[in-house]
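K.L.:
Below are the chains, spelled out letter by letter.
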Amino acid sequence: MPLFGSSDTDTRPDSKLDSKLPTGPIEQRWDTRRFDLKLVNPTNKRKYKVIIVGSGLAGGAAAASLGELGYNVECFAFQDSPRRAHSIAAQGGINAAKNYRNDGDSIFRLFYDTVKGGDFRARESNVYRLAQVSVEIIDQCVAQGVPFAREYGGLLDTRSFGGAQVSRTFYARGQTGQQLLLGAYQALERQIRAGTVKMFSRTEMLDVIMVDGRARGIVVRDLITGEVRSHMADVVVLGTGGYGNVFYLSTNAMGSNATAIWRAHKRGALFANPCYTQIHPTCIPVTGSHQSKLTLMSESLRNDGRVWVPKKAGDNRPPDQIPEADRDYFLERKYPSFGNLVPRDVASRNAKEVCDQERGVGPGGRGVYLDFADAIARLGADVIRSRYGNLFDMYERITDEDPYKVPMRIYPAVHYTMGGLWVDYNLMSTIPGLFVIGEANFSDHGANRLGASALMQGLADGYFVLPYTIGDFLASAGPDPMTPDVPEAKQTEAEVHDRVKRLLSIRGDRTVDGVHRELGHTMWDYCGMARNDAGLRKALDRIPELRKEFWSSVNVPGENESLNQSLERAGRVADFLELAELMCIDALHRTESCGGHFREESQTPEGEAQRDDENFSYVGAWEYSGDLSAPTLHKEHLEFEYVHPTQRSYK
Amino acid sequence: MEKSEGVQWWGGRGAVQSFAAMTASITAAAGGRTSVGKKVAVAATGLIGVGFVFAHMVGNLKVFLGREPINHYGEFLRDMGEPIFPRSFVLWTLRLVLISAVVIHITLTYQLMQQSRRARPIGYEYTEPVRKNPAARTMRWGGTALLLFIVFHLADFTWGVHPDFQRGEVYHNLITGFTRVPVTVIYLAAMFALAMHLYHGTWSVTQTLGVNQARWDRTIRRGATALAVVIAGGYSIVPLAVLFRLVK
Amino acid sequence: MNLTLKVWRQKSANDKGAMVAYEARDISPDMSFLEMLDVVNEELTLKGEDPIAFDSDCREGICGMCGCVINGQAHGPDHGATVCQLHMRKFKDGDTITIEPWRARAFPVVRDLVVNRSALDQIVQAGGFVSVSTGSAPEANSAPVGQAVAETALDAAACIGCGACVAACPNASAMLFMSAKVMHLGVLPQGQPERYDRVSEMVETHDRLGFGSCTNIGECSAVCPAEIPMDVISFLNRDLIRSRAGRGMKRA
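Chains as they are written, first to last, in the numbering used here: chain A, 135 to 785; chain B, 6 to 253; chain C, 1171 to 1422.
Keep in mind that the hints are not guaranteed to be accurate.
Pairwise CB distance ranges, derived in the manner of DEER restraints [stated by the list, open to error]:
| # | chain 1 | residue 1 | chain 2 | residue 2 | range |
| --- | --- | --- | --- | --- | --- |
| 1 | C | Lys1260 | A | Asp460 | 27 to 37 Å |
| 2 | A | Leu513 | C | Glu1397 | 20 to 30 Å |
| 3 | A | Glu466 | B | Arg223 | 45 to 55 Å |
| 4 | C | Ala1415 | A | Leu513 | 45 to 55 Å |
| 5 | A | Lys332 | C | Ser1303 | 10 to 20 Å |
| 6 | C | Asp1265 | A | Leu513 | 40 to 50 Å |
| 7 | A | Ser294 | C | Lys1260 | 35 to 45 Å |
| 8 | B | Arg223 | C | Arg1378 | 30 to 40 Å |
| 9 | B | Tyr131 | C | Glu1193 | 13 to 23 Å |
| 10 | B | Arg145 | C | Lys1176 | 28 to 38 Å |
| 11 | B | Ile104 | A | Lys332 | 50 to 60 Å |
| 12 | B | Gly128 | A | Arg235 | 48 to 58 Å |
| 13 | A | Leu289 | B | Arg145 | 45 to 55 Å |
| 14 | C | Lys1260 | A | Asp346 | 52 to 62 Å |
If you want the footprint, here are the derived chain C segments under chain A, 3+ residues with CB under 8 Å [unchecked claim]:
| # | region |
| --- | --- |
| 15 | 1195 to 1203 |
| 16 | 1213 to 1220 |
Computed list of lysine to any residue pairs in SDA-like fashion (alpha-carbon distance at most 20 Å, straight line) [what the hints assert, rightly or not]:
| # | chain 1 | residue 1 | chain 2 | residue 2 |
| --- | --- | --- | --- | --- |
| 17 | C | Lys1181 | A | Asn694 |
| 18 | A | Lys179 | C | Gly1305 |
| 19 | A | Lys682 | A | Leu762 |
| 20 | C | Lys1260 | A | Ile532 |
| 21 | C | Lys1181 | A | Glu695 |
| 22 | C | Lys1262 | A | Arg531 |
| 23 | C | Lys1260 | A | Thr533 |
| 24 | A | Lys179 | C | Ser1303 |
Calculated from the structure, these hints are not laboratory results.
Even glycine gets a Cβ: it sits at the ideal position worked out from N, Cα and C.
Kindly produce the complete structure, drawing on both the sequences and the hints.
P.N.:
Shown next as structure tokens:
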């Protein structure tokens, strides 16, 4: 059933997708590639201008590293400081195959776990490289002064995370992302002082400038003055994060957006696997329509908390009045060996299922209990406090309920997007000269990301991969300074101007947030934790309508020439309204279930995700065709030489 | 006239000039150009002040020993260092150190205050401090009050504006001085200001000189309280004793 | 519940600005303070007025983007938390709430409650880093760091860079922010080679940027969402004295 583009069983390489994968033994591929990559003469480096959009773990690390190498770097962030990037909110930790625990970890095992955890939808070569450089990341961060947790002997401590069998997660309390980002930020500030990097904060990228089929610059809007201007460069790097905010409510920051990658997509960059979304099972449930974002609580809570709901639908008794006999510990019942520790996607889907049966708890009935009563009775409140004290405090601050006395309520929330712009092994998109790093690319996580791997990938791309591969592109292209008065830049600027003007001239009766909220509901209902043909088609009907309503009835107050946060949001939501459609198209075309993508039509008799390797063992990369509703699908077939696809089982 | 002797020894106007030059150079050197360096100098000169008020307080308590011992003590201050140094030389050296300390303390504080004033050109409509810390928040006003008091006090007891002043008769001057109730009231109020200034000042010195650490903080605060109470209390019991006719 | 808000409105850096009163109706106690402002802004938008500009991003207390002075206190009445973590249940029906931007010469107002905090970045630029270029790092476990030292470093490194310390300080000093970084790097072995130059250059930059001078009042630490303790300032002072005593390489 070829829904879009080429036939599903076509395994010929797609001419659009040259993944430039190295060959040979997997352990040597990255070394071989590094040797094959061309180098830029040290004295020539300053003649190359590099634009980096985004200052998080990927963008910040890349900007600092390229600055150190001597390139002439310009870095852009929409926030007021590079230190605000949302990488800062990552709690758990960062994986690395150091094998400090002597517990059988190795580069190969991290590689194996990541490919398997990604449900066999990632490239083996990429993942192996990620596992290799993970070791260097820890060295680098420690040297920067990142205060990782230590053992009494003064050596680095690790913990086991997200169901891994080995202890390979390095952490700094519950603020690992913050500490790693500050490390990158400080390295970046050092380069700003050295003059190799010029930082543009409160400056938002709104388009890519294409000259002769190559990315040669970006159009930005100064968020304070409203000035729209072009910055030209030899190469453009996007490290702008994920697009989880398409769901309106997610654990992403308020400003996290898809504009940079979406604009690049519309200029020719292929968008890979847009439907792969990770839903995190332990977030604080929504309390009302005013809710602006969701707060994640560490997965570690499931180590001691028991998940349950009432057995009867519509049972409104307070939890302490529901006797054991009337409770359903559904994870323990369905997965006796893993119990409450089943992987994120399984835990999330089951929570949705019981809520769909009207057995959910709390306001709106979208929540399940995470009960610590047994653990407190067994270990004492003090032990629980020492393990989770800060999480319990945070929960109480938000909900005004004391989790030592009342069971916590949790519900899944959108957390991470595995999809993103398609990139080759060298991290370059299908647009020559446009590189994409971190969560913004379709990355190394396949259809599902393992816990503590996001930080690893962002830093791997920024510190240790891009600085090599970008040199190869630049050395081949040669320095070519360009001023922003080329006609292509003027044309793109004019288009950006028009769009801003259009947004400001609608003056309708709906707010930007109102439309965004509705888009989020549609996406969550039909393209969320579980998807089916009928629902996705419904969403595909609704989204273009909603887009039309947005462009005819939204009210963006104020003017362009000053700080206008409504205008900023409007531009981002306008892009989400387009991207959402592509996500649904991708989800509809992929009739299998894999990782974060669960198609109700494709499940085992026990209700578990059923992959279809015969038909879907490929990366689905979408090309913008000029018609948002009819993109062209390109397929990059995935080969598995080292890890053989198996069905996951957590029974 | 002991005072003029001292000034003559230093060479009159030349003394004032060299003193001013010295103070200025200490201010510049100790303070450096940074706010923290200036604070360190304020702290160090503050410590000199603490030493002085403590010694002065101990001297005052000699009034309870009677007329002779305290008059003798007053005389000793002038004789100190003889015969190696000329009479009053040590006293004047100490006085100059003290005056320099006061000048540096005030000059640098004033500069820092100006820096802070400039740092917030537009204030808040409304503020509600979280940390109720009156001693810390009144350092500048309290310091100014103390300065005014010092001028008054010098005029009263050293320069002899005192109506019944007899040079060299410390005991007499003290008793007759404090029989005037308004003077005693001013004096006691000043001692309250001194206690506040000393409490925050002493704690602050440990912070500014980088001695303070979280685990010692409580001890240091207790120490600062004790010092403030002992010094201000030691001063205050003298006029109170005079007022209640315990010494006559 | 219903509230009266008195909010600082200022169109741009050059505008004079004034306090303006708004009514916030039907506010749920479960809302965060910023969600309450979102509701007010939606109403303003529909009425055709300019919504109140304020910064926020992660809304979980870690990015440091949000911050305003609420009823005279930086980040409002719930201490050890940012504005985005403050919930409306801390207020009563009928309350009047004053909302003002951070006030400091080094933090000029951009619009309404939004201020420019790039001065904090400049302090970090002056020396708040370890000069280690990518790739040059030794094996991570080659320099052991005692657990207590690592914890002390992390306590200081927890600073989120929100600027509340400056806003709350009667002197508009950034000492707590700066000292947290000096202490974070100053206690770790990795930070030793540049320790004394770092502090010296950071303090000079701090003064040049127009921040005030610390008088050890402690208001900064009392409002700090990351609860950075006052003794970080003591640590900086000590290191500055040592730096001036000739331990700094450049000044030796």
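K.L.:
State for each hint whether it applies.
P.N.:
Evaluation of the provided hints:
1. Lys1260(C) / Asp460(A): 27 to 37 Å: At 36 Å between Cβs, range holds.
2. Leu513(A) / Glu1397(C): 20 to 30 Å: The hint (20 to 30 Å, Cβ to Cβ) holds, given that leucine 513(A) and glutamate 1397(C) are roughly 27 Å apart.
3. Glu466(A) / Arg223(B): 45 to 55 Å: 49 Å, holds
4. Ala1415(C) / Leu513(A): 45 to 55 Å: 52 Å, holds
5. Lys332(A) / Ser1303(C): 10 to 20 Å: Given a distance of about 19 Å, which is inside 10 to 20 Å, the answer is holds.
6. Asp1265(C) / Leu513(A): 40 to 50 Å: Holds - the Cβ-Cβ distance for aspartate 1265(C) and leucine 513(A), about 42 Å, lies within 40 to 50 Å.
7. Ser294(A) / Lys1260(C): 35 to 45 Å: 38 Å, holds
8. Arg223(B) / Arg1378(C): 30 to 40 Å: Given range 30 to 40 Å: holds, Cβ gap about 36 Å.
9. Tyr131(B) / Glu1193(C): 13 to 23 Å: With a Cβ separation near 19 Å, tyrosine 131(B) and glutamate 1193(C) satisfy 13 to 23 Å, so the hint holds.
10. Arg145(B) / Lys1176(C): 28 to 38 Å: This hint holds: roughly 30 Å between Cβ atoms.
11. Ile104(B) / Lys332(A): 50 to 60 Å: 53 Å, holds
12. Gly128(B) / Arg235(A): 48 to 58 Å: Roughly 56 Å apart at Cβ, these two residues keep to the hinted range, so it holds.
13. Leu289(A) / Arg145(B): 45 to 55 Å: 50 Å, holds
14. Lys1260(C) / Asp346(A): 52 to 62 Å: 59 Å, holds
15. 1195 to 1203: holds (count 5)
16. 1213 to 1220: Satisfied; 6 residues make the cut.
17. Lys1181(C) / Asn694(A): 13 Å, holds
18. Lys179(A) / Gly1305(C): Distance ~18 Å between lysine 179(A) and glycine 1305(C) Cα, so the pair holds.
19. Lys682(A) / Leu762(A): 13 Å, holds
20. Lys1260(C) / Ile532(A): Distance ~11 Å between lysine 1260(C) and isoleucine 532(A) Cα, so the pair holds.
21. Lys1181(C) / Glu695(A): 11 Å, holds
22. Lys1262(C) / Arg531(A): With Cα atoms ~17 Å apart, lysine 1262(C) and arginine 531(A) stay inside 20 Å; holds.
23. Lys1260(C) / Thr533(A): Within the cut-off at roughly 12 Å; holds.
24. Lys179(A) / Ser1303(C): Holds, because 16 Å separates the two Cα atoms, which is no more than 20 Å.
Going through the hint list in order, the structure satisfies each hint without exception.
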